[in-house]
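Participant: Sequence:
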Amino acid sequence: MSPDLFHVIATIIRRLTRNREGVPLATRFNPYDRVTSEPLPFLFQRTIGQRTEVINAGSLRDELAKLSDAVAIDHPELGGCRFTPHDFRRLLATDLVNNGLPIHIGAALLGHLDIQTTHGYVTVFREDVVRHYQKHLAERRAARPAREYKSPTDTEWAEFEEHFDKRKVELGNCARPYATPCEHEHACIRCPMLQVDPGMLGRLDEIHSDLMARRELAQTKGWLGEIEGIELTVQFLKQKRADAHSAVQRGQVDLGIPAVRR
632 MSPDLFHVIA TIIRRLTRNR EGVPLATRFN PYDRVTSEPL PFLFQRTIGQ RTEVINAGSL
692 RDELAKLSDA VAIDHPELGG CRFTPHDFRR LLATDLVNNG LPIHIGAALL GHLDIQTTHG
752 YVTVFREDVV RHYQKHLAER RAARPAREYK SPTDTEWAEF EEHFDKRKVE LGNCARPYAT
812 PCEHEHACIR CPMLQVDPGM LGRLDEIHSD LMARRELAQT KGWLGEIEGI ELTVQFLKQK
872 RADAHSAVQR GQVDLGIPAV RR
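Add 631 to a position in the sequence shown, counting from 1, and you land on the number used in this note's numbering.
Hint data in this document are derived by calculation from the structure and do not stem from the laboratory.
Quick caveat, the model's predicted, so the values are computed rather than measured.
One should not assume that every hint holds.
Unchecked claim - The list that follows gives simulated cross-link-like pairs (lysine to aspartate or glutamate, EDC-like), each with its CA atoms no further than 16 Å apart:
id	residue 1	residue 2
1	797	814
2	799	836
3	869	828
4	797	841
5	869	841
6	869	836
Given the sequences, and given the hints that come with them, work out the whole structure.
Facilitator: So this is what it looks like as structure tokens:
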């Protein structure tokens, strides 16, 4: 927390713990789920008679409106401005990210399951997000041993290129990760790692025709196990064809293999 925010929080805690050992426990009513929480040490609370409860959002908005009007007396340009309690959640998120906190950590602090939700909270430009993330990576790398970032040897680079050369197959490209073998015994049509080259759609048609001929022969001979295998292969082939057509519509860019830096 910044020194100013720390001072505010400390003042609230000092007020709540006056003549007490700790922050009193209070309950909070959720108007959406229509349930009351367990007693917890909420900071924004008040005591009415013998009951301690959390200050509701409506009361906080009224108090914030009074403060806004008071500020506008000395700063007329702020006249008509109004704040809600939720605005301060956005302000805190913006302050955290602008001061170097990685946005994915900010998302965890705010309880967001999707980082795009945090983007909506944080008032920064997208290049600022990229800059903060790159700064975070640089700091993490600086803390790691230098030997982990050594330049590859000629042998290591040749092995790297060889892996991608072996991923080239008749129908397109195998997307298996680096340094991993083929786990599907080169049954490419059934393999989810196969990325079909749109230019090989005609070859898929040929394979489909061959499968239909094999299925007809299997039915004639009564090879039920063969028929089951062929039908499964046909299902995968239809999916590969659909994926290839989708790739044509989206358009693909071949990034190639990066050159080794000396």
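Participant: Compare the structure with each hint and give your call.
Facilitator: Okay, the hints, checked on the actual structure:
| no. | hint | result |
| --- | --- | --- |
| 1 | 797 - 814 | holds (14 Å) |
| 2 | 799 - 836 | violated (20 Å) |
| 3 | 869 - 828 | holds (14 Å) |
| 4 | 797 - 841 | violated (26 Å) |
| 5 | 869 - 841 | holds (14 Å) |
| 6 | 869 - 836 | holds (10 Å) |
In summary, the structure is inconsistent with hints 2, 4 from the numbered list given earlier, while agreeing with the others.
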